[in-house]
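Going down the list, the sequences are from chains A and B. Under the numbering used here, think of the first position of the first sequence as 1, with each following residue one higher. Under the numbering used here, think of the first position of the second sequence as 1001, with each following residue one higher.
Do not take every clue at face value.
Said to hold, decoys possible - List of simulated lysine-lysine pairs, DSS-like, C-alpha gap at most 25 Å: (1) B/1136 to A/333; (2) B/1453 to B/1469; (3) A/333 to A/352; (4) A/341 to B/1079; (5) B/1136 to B/1079; (6) B/1061 to B/1288; (7) B/1464 to B/1451; (8) B/1467 to B/1481; (9) B/1136 to A/341; (10) B/1079 to A/352; (11) B/1469 to B/1421; (12) A/47 to A/90.
To be verified - In silico negatives: residues of chain B with every beta carbon more than 12 Å from chain A: (13) 1234; (14) 1371; (15) 1427; (16) 1478; (17) 1481.
Simulated from the structure, these hints should not be mistaken for laboratory data. Glycine included, every Cβ here is placed at the ideal spot set by N, Cα and C.
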Amino acid sequence: MTSTIKQLSILLAEGKASSVELSRDYLGRIQALNHTLNAFVTVDPDKTLAEAAAADARRATGQADALTGVPIAHKDIFCAEGWLTTCGSKMLSNFVSPYDAHVIERFKAAGMPCLGKTNMDEFAMGSSNETSFFGPVKNPWDTARVPGGSSGGSAACVAARLAPAATGTDTGGSIRQPAALCGITGLKPTYGVVSRYGMIAFASSLDQGGPMARTAEDCALLLNVMAGFDARDSTSLEREKEDYTRDLAKPLAGLRIGLPREFFGAGLSGDTAKAVEEAIAQYRKLGAETVEVGLPNSRLSVAAYYVLAPAEASSNLSRFDGVRYGYRTPEYKDLTDMYEKTRAEGFGAEVKRRIMIGTYVLSHGYYDAYYIQAQRLRRLIANDFAEAFKVCDVILGPTAPTTAFKLGEKADDPVQMYLSDIYTIAVNLAGLPGMSLPCGFDGQGLPIGLQLIGDYFGEAKMLNVAHQYQLATDWHTRAPKGI
Amino acid sequence: MQWETVIGLEVHTQLTTQSKIFSGASIAFGAEPNTQACQVDIALPGVLPVLNRGAVERAIKFGLAIGAKLNRTNIFARKNYFYPDLPKGYQISQFELPIVEGGALTVQVEGDKPGDKTVEKTVRITRAHLEEDAGKSLHEDFHGMTGIDLNRAGTPLLEIVSEPDMRSAREAVAYAKALHTLVTWIGTCDGNMQEGSFRVDANVSVRPLGQKEFGTRREIKNLNSFRFLEQAINYEVRWQIEQIEDGHKIQQATVLFNPDTGETRAMRSKEDAHDYRYFPDPDLLPVKLDEAWIEQVKASLPELPEQKQTRYRDQLGLSAYDAITLTGSRAMAEYFEAVLAEQANPDAKLAANWIMGDLSAALNKAELDIADSRIGAGQLAGLLARIQDGTLSGKLAKQVFEAMWSEGGEADAIIEARGLKQMSDSGEIERIIDEVMAANARSVEEFRSGKEKAFNALVGQVMKASKGKANPAQVNDLLRKKLGAS
Chain A
1 MTSTIKQLSI LLAEGKASSV ELSRDYLGRI QALNHTLNAF VTVDPDKTLA
51 EAAAADARRA TGQADALTGV PIAHKDIFCA EGWLTTCGSK MLSNFVSPYD
101 AHVIERFKAA GMPCLGKTNM DEFAMGSSNE TSFFGPVKNP WDTARVPGGS
151 SGGSAACVAA RLAPAATGTD TGGSIRQPAA LCGITGLKPT YGVVSRYGMI
201 AFASSLDQGG PMARTAEDCA LLLNVMAGFD ARDSTSLERE KEDYTRDLAK
251 PLAGLRIGLP REFFGAGLSG DTAKAVEEAI AQYRKLGAET VEVGLPNSRL
301 SVAAYYVLAP AEASSNLSRF DGVRYGYRTP EYKDLTDMYE KTRAEGFGAE
351 VKRRIMIGTY VLSHGYYDAY YIQAQRLRRL IANDFAEAFK VCDVILGPTA
401 PTTAFKLGEK ADDPVQMYLS DIYTIAVNLA GLPGMSLPCG FDGQGLPIGL
451 QLIGDYFGEA KMLNVAHQYQ LATDWHTRAP KGI
Chain B
1001 MQWETVIGLE VHTQLTTQSK IFSGASIAFG AEPNTQACQV DIALPGVLPV
1051 LNRGAVERAI KFGLAIGAKL NRTNIFARKN YFYPDLPKGY QISQFELPIV
1101 EGGALTVQVE GDKPGDKTVE KTVRITRAHL EEDAGKSLHE DFHGMTGIDL
1151 NRAGTPLLEI VSEPDMRSAR EAVAYAKALH TLVTWIGTCD GNMQEGSFRV
1201 DANVSVRPLG QKEFGTRREI KNLNSFRFLE QAINYEVRWQ IEQIEDGHKI
1251 QQATVLFNPD TGETRAMRSK EDAHDYRYFP DPDLLPVKLD EAWIEQVKAS
1301 LPELPEQKQT RYRDQLGLSA YDAITLTGSR AMAEYFEAVL AEQANPDAKL
1351 AANWIMGDLS AALNKAELDI ADSRIGAGQL AGLLARIQDG TLSGKLAKQV
1401 FEAMWSEGGE ADAIIEARGL KQMSDSGEIE RIIDEVMAAN ARSVEEFRSG
1451 KEKAFNALVG QVMKASKGKA NPAQVNDLLR KKLGAS
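Generate the whole structure from the sequences, applying the supplied hints.
Here's what the structure looks like:
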């Protein structure tokens, strides 16, 4: 249960374990612990074991791929044929997808059984997993605390060893922030590397799927499965297939690490600042140089994000109208009444808040002042990164300003909640790849995340930088007590 | 007071692609409800649009055909509103940067009476943009509920918006017809109005003659025939003038035309107008048109109706009316040109007369398109050749034409088989004239006493005696000679 997927793949290849055995073990842990953690919305052992048996059969014929037989959990934002796909919402609480997302197709083709669908903030809108219709996920390090969000279920299940890996999606930090708060490794690829087809849209120009696992090496292996051109997503990039593990072993001598001065100022908790400083010291030991860089416009990223993401979301969520699928209010007078009640009852408070913000900023007379202005900021933010990457190979800083906070602590203060993503959002606005990896613990024993930001298509480089750190440290191997 | 009408049209043309604009589903008409709606069309969670290249190509073609500017970068935007037949809750359309901007169409407007000279009118086109159609709401047969058919959802449309350049229903109809001819001519739209492939919205306002500012307009939606377009505009104009003369103000509104009553009725006023919250669709990248592609499309364009009309007038010496009629459809013009090509001594006027006269009449009667004509261009040219060389009189030619229409065959074979050859042997004709003069001594007397009418009676008798085969010109000459000589 403490194995990485790399180790599991070796066990499978050597015939020391079968996929059915591994899947049974994880399903057993899910059964034992999910009622405490609430990390999964849907578990279907029969389906999982059937897929595992198929993977074993495939291996027996000599047709196995690198990860065939290794089970994985999927965020409930990915449509998976025959699986309930809720996106954490009452609106889709009855929606069984008739088709597979591109990402699901990829994992199926790789022969990786699905352990279940993980809990998440409703429509990926949240940083604590408290907006889920299915209740909050608990942080395995302290079940009175949030796991982060929106991919909180995926982060918690990997941290608690209910799954060796999981998929997540990241619109403003939804892979990296929960990875940080749960002490795991998560990667958001360059926008366009992973197809969005079948990934329920929150903010189309920002959403990107990515892997969440214990190590950078595992993330590289998983990205090899997930990445690739898909003609059904017009924003998917047509590039040559790459092996994201190719640079893992490269030494870091001569690496230039950019440290944005804006990421080390007020608002960063002392323990987090200290852990990140120690990580920087570790990198210097590994032969890297550090250089101070400026991201002067990143302070505007939360403001720009909370115009653009709600604007796109308000339109993306219009299809949930009770007409064709999903929740419909039981009683209504006429069409307008049906729409109003369905959406009033089907969406939670945070989703409604963002639909209203988005509707407002796109309205006639406000569009230029908000939407257009935010798009300009977005360009300025991207330009800052472009300047920074002229003098460094990778950017490093904290993933989140604090460690996991208490359930309910920020639930009534949206602005404080939004600031949880202050270090991650600029990366989405620029479309860059970013990741979070464990770099220590605070005084209460809660994990701290280190963020790496790569240049466009710099995933292999970023993974190399993360992997070398993980070879020299053991933060990523720590497991929550009692779990 | 003298009033002036101002009209601008928005025409939705359905493009002739195989599949939808953003999905692979078929757009064939008439399928069982919801059998041509894939997961993208019904807007399942997570699906994404992919632009159909064929739709863009057709828009380029249209832009080139009207001499418009093609925006090398054009953008799809979302038009947000809720309706059950709009599955995504937004329509993907183009807003700030449409694919086609500018351009114009020059049309010939008929005069007040048949036979009046036509007047040339140039209508400027504001823009043409690509968008997807919505599905259909079916209100009948569902016992108080509404059925939704999403087969049409995602069907590619090119919406063509004109400037408010038209000043009468007749001009609007002439423009709409010319546009219909053009889009079917270049093959971007099949033009089937019953099936909704060509739908017209008319923006209508009136103002005192001489006033510069436009009056407040009302938009008549979804007119699917030229007759309804004309009726609806005429009704709307009368209604607006009456309202103003009665001291009311026109309120901006969307109206529907009821073909049964011939009236227009307001559907929604400006106050209920939607705020569509347009913004660029983040699921679709800006469309970039490369020059090589545009050149390729340009090379594939056929000669256009306006170009043909000019050529027919200037080089073939046809009247403006003939030129317009012969370019009423591409098939018609192609037929005409095929006949000319088959003629040993091309006579455009003769060919035009036969095509616009007997052939059109026969096609109308049989409800056939000229492309499906029972008489091919080569056959008609064969018939015309026998008229040109004097073998057939006009009357005989009609008989040959009828035989050809009903039984097929070449003109020469029909003439041979039926003995319809014109009699041009003067000895033979003289013999008949002699007989006729002997048998109609009274008519001969009358003519000689100055009654010109009697001459025609004698010609008629000669033609009758020759079973219509005598060359009428020859009969005239010989008869006059004989009557004068004796």
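(message) Hinted pair, alpha-carbon criterion (25 Å max): residue 1061 of chain B, residue 1288 of chain B. Please report holds or violated.
(response) 15 Å, holds
(message) residue 1453 of chain B and residue 1469 of chain B were given as a pair; does the straight-line alpha-carbon distance stay at or below 25 Å?
(response) Between residue 1453 of chain B and residue 1469 of chain B the Cα gap is close to 22 Å, so the pair holds against 25 Å.
(message) Just to be careful, I want the Cα atoms of residue 1469 of chain B and residue 1421 of chain B compared with a cutoff of 25 Å; is the pair within it?
(response) 6 Å, holds
(message) Can you confirm whether the C-alpha distance between residue 1464 of chain B and residue 1451 of chain B stays at or below 25 Å?
(response) 21 Å, holds
(message) Over 12 Å from every CB of chain A: does residue 1481 of chain B meet that, or does the non-interface label fail?
(response) 86 Å, holds
(request) Verify the proposed pairing of residue 1136 of chain B with residue 1079 of chain B, using a straight-line Cα cut of 25 Å. (result) 18 Å, holds
(message) Against the 25 Å threshold, does the CA-CA distance of residue 1136 of chain B and residue 341 of chain A hold or violate the hint?
(response) Holds, because 24 Å separates the two Cα atoms, which is no more than 25 Å.
(request) Please work out if residue 1467 of chain B and residue 1481 of chain B have their alpha carbons no farther apart than 25 Å. (result) Satisfied, since the Cα-Cα distance of roughly 22 Å is no more than 25 Å.
(message) Minimum C-beta separation from residue 1427 of chain B to chain A exceeding 12 Å: can you confirm that?
(response) Holds, since 83 Å exceeds 12 Å.
(request) Taking the shortest Cβ-to-Cβ distance between residue 1234 of chain B and chain A, state whether it exceeds 12 Å. (result) Label holds. Min Cβ-Cβ 34 Å, cutoff 12 Å.
(request) Verify the proposed pairing of residue 341 of chain A with residue 1079 of chain B, using a straight-line Cα cut of 25 Å. (result) At roughly 23 Å apart (the allowed maximum being 25 Å), residue 1079 of chain B and residue 341 of chain A satisfy the hint.
(request) Assess, step by step, whether the Cα of residue 333 of chain A is no farther than 25 Å from the Cα of residue 352 of chain A, and give holds or violated. (result) 22 Å, holds
The structure meets every hint from the earlier list without exception.
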